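Take the sequences, apply the hints, and build the full model.
Protein chains: 2
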Amino acid sequence: MTAVRIERLALIGLGLIGGSLSLALKSAGVVGEVVGYSRQLATRLRAQELGLIDRPADSVAEAVQGADLVFIATPVQAMGGVFAQMIETLAPDALITDGGSVKGAVVAAAQAAMPEGQWRQFVPGHPIAGTEHSGPDAAFATLYHGQRVILTPLPENDPTQVARVEAIWRVAGAVVEHMTVPHHDHVLAATSHLPHLAAFGLVNALARLEERYEVFRYAAGGFRDFTRIASSDPAMWRDICLANRAELVPMLDHYLAELQGLRRLMESADSDGLAQAFAEAKAVRDALYRPQSTH
Amino acid sequence: MTAVRIERLALIGLGLIGGSLSLALKSAGVVGEVVGYSRQLATRLRAQELGLIDRPADSVAEAVQGADLVFIATPVQAMGGVFAQMIETLAPDALITDGGSVKGAVVAAAQAAMPEGQWRQFVPGHPIAGTEHSGPDAAFATLYHGQRVILTPLPENDPTQVARVEAIWRVAGAVVEHMTVPHHDHVLAATSHLPHLAAFGLVNALARLEERYEVFRYAAGGFRDFTRIASSDPAMWRDICLANRAELVPMLDHYLAELQGLRRLMESADSDGLAQAFAEAKAVRDALYRPQSTH
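Listed in order, the protein sequences are those of chains A and B. Note that numbering that gives the first Met the number 0 gives residue 107 to position 108 of the first sequence, counting from 1, and the numbers run on in steps of one. Note that numbering that gives the first Met the number 0 gives residue 193 to position 194 of the second sequence, counting from 1, and the numbers run on in steps of one.
For the record, the hints were derived by calculation from the structure and aren't laboratory data. Some clues are possibly wrong.
You can't tell identical chains apart in this list, so a pair holds if it fits in one copy or across any two.
[To be verified] Think about it this way: if two alpha-carbon atoms lie no more than 20 Å apart in a straight line, the pair counts; the simulated SDA-like pairs of lysine to any residue are:
1) Lys281 / Asp224
2) Lys281 / Tyr212
3) Lys281 / Glu210
4) Lys25 / Arg45
5) Lys281 / Ser270
6) Lys281 / Leu208
7) Lys281 / Pro74
8) Lys25 / Val174
9) Lys281 / Ala234
10) Lys281 / Glu209
11) Lys281 / Thr130
In this text the structure is predicted, and so the values were computed from the model without any measurement.
Shown next, in the form of structure tokens:
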């Protein structure tokens, strides 16, 4: 495995995902300089103050100038604009990767914004990590320790560039896996995007009840756990839901059908049917998490 | 406040809820003898071994004989049978209470099974506490510490009996509040029963996907928290859903309408609408749990 060395990292988007990768690479001592850009000046200054970046840039174009690695960690809907703004200054041997939760829309945005010679420099990736907190203050160096990062390399990518992205994520402590772009978007719609939608919807459904204050007062621990992800960043999740709606809408329909099935079992007082449905869910859930529940 | 003293507690149902109340009262030194009944002999013996009860009984009738307090902690659908089996041996001054998650169906069952002189001895209650574990081994003395117990006294209850149930729960460390029976069932449908249904449904929806193994492999922390309650006891939840279906089916419809609304926003690519829906949910969730998130 080649030793990782980054002369200049351009960080576009200075929140939890980008900031944490920068801190991880800095603490591993593999990066020379980190130049950062975010739309808000206050965010750039805060990121510098926190040591996420060494130097703020005034534009995407300025940030990527002279960088050998560009990491895009903005909300996914903003990535098209980011790609468009780097075409003039991107070095021909620079490697681009990203942290977007949706891959199809991001690849399409790169291909629409850049000439092929440049979008081939983009190796799409998705770290499966995060907390419900966001922004530069949420970043920490060990966010990726033991977490999975899914790379969705394009057929047009240079294999040595793909290997380099892998090595970089390993330095940050992550476990790297590969998927195709469409498969990634399907799997993530199920495991991440749908649960977020279900949690946002549940909180809003209860908030619209006349008895909302009382209802929330009596909410027990289960509700708290269940809805933690509803505290996630709204703009980020709007972007994800829109960017992956081709996968997410059918996945939501699949969930709606399941809930309709439970509704029918209740309506017909089908005691055995309900018990079986709940027992199946418990068996799946227990099998999934039993090995991990010991630590 | 009168000092609590229980000469003989009859515990019907020897799982987490009943066993934990017994351990709490025993450790407070306020109970003389605990006689326990559960349908399974093995459960009775295990409960005795664990010290949840001092003596097993072979029937409900035998367990309640000579008891001044009867605590029913079986699944709610079994409570009708329990009431019917105690009419011959219940002492006229005995106090009955329960731990059922649904109150309307349990009150109706008591009124159907017992003469009025007896069901007036029943002060319905619901401790808002629990874990996803069940059975006698899950019981522990501090389960109710700082947790809410909702009593739903009947107009026919003797106020001194209501006060006695309150005092008993306070000995166990709980905070006692009152609601009417229908209001309890409405509020709990929202805060507890619907979230369980949503979690069971989500796990089953994903388990039915062709890619189920891969899907679960990539499930992140949010999914794990979100679905923890899907590990709850299936028979208990079947009972709750059926016993409270008059409240739960409309509450589920309310949730389905909310999810359909999110679906429409995605279909029409309504970026502002989606962001607003997610921001509302985040604001509600953050306001709810911010005070507690510091510990």
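Going down the list of hints, with the structure as the test:
Taking CA atoms no more than 20 Å apart as the test, lysine 281 paired with aspartate 224 passes in both settings, with 17 Å inside one copy and 14 Å between copies. In this assembly of identical chains, the alpha carbons of lysine 281 and tyrosine 212 lie at most 20 Å apart only when taken from different copies (16 Å versus 31 Å within one copy). Taking the closest pair of Cα atoms, lysine 281 and glutamate 210 come within 20 Å of each other only across two copies (19 Å); inside a single copy the shortest separation is 31 Å, beyond that limit. In the homo-oligomer, the alpha carbons of lysine 25 and arginine 45 lie at most 20 Å apart inside one protomer (17 Å), although the nearest pairing across protomers, at 56 Å, exceeds that limit.
In this homomeric assembly, lysine 281 and serine 270 come within 20 Å of each other (Cα to Cα) only inside a single copy, at 16 Å, whereas the closest approach across copies is 36 Å. For a Cα distance limit of 20 Å, the shortest separation of lysine 281 from leucine 208 across copies, 17 Å, qualifies, whereas the shortest one inside one copy, 29 Å, does not. Proximity of lysine 281 and proline 74 under a CA criterion of 20 Å is satisfied inter-copy only: 17 Å between copies versus 35 Å inside one chain copy. Taking identical chains as interchangeable, the C-alpha atoms of lysine 25 and valine 174 lie at most 20 Å apart only when both belong to the same chain, with a minimum of 19 Å there against 50 Å between chains.
Taking identical chains as interchangeable, the C-alpha atoms of lysine 281 and alanine 234 lie at most 20 Å apart only when they sit on different chains, with a minimum of 11 Å there against 33 Å within one chain. Taking the shortest Cα distances, lysine 281 and glutamate 209 sit within 20 Å of each other only across copies (19 Å), while inside one copy they are farther apart (32 Å). Proximity of lysine 281 and threonine 130 under a CA criterion of 20 Å is satisfied inter-copy only: 14 Å between copies versus 25 Å inside one chain copy.
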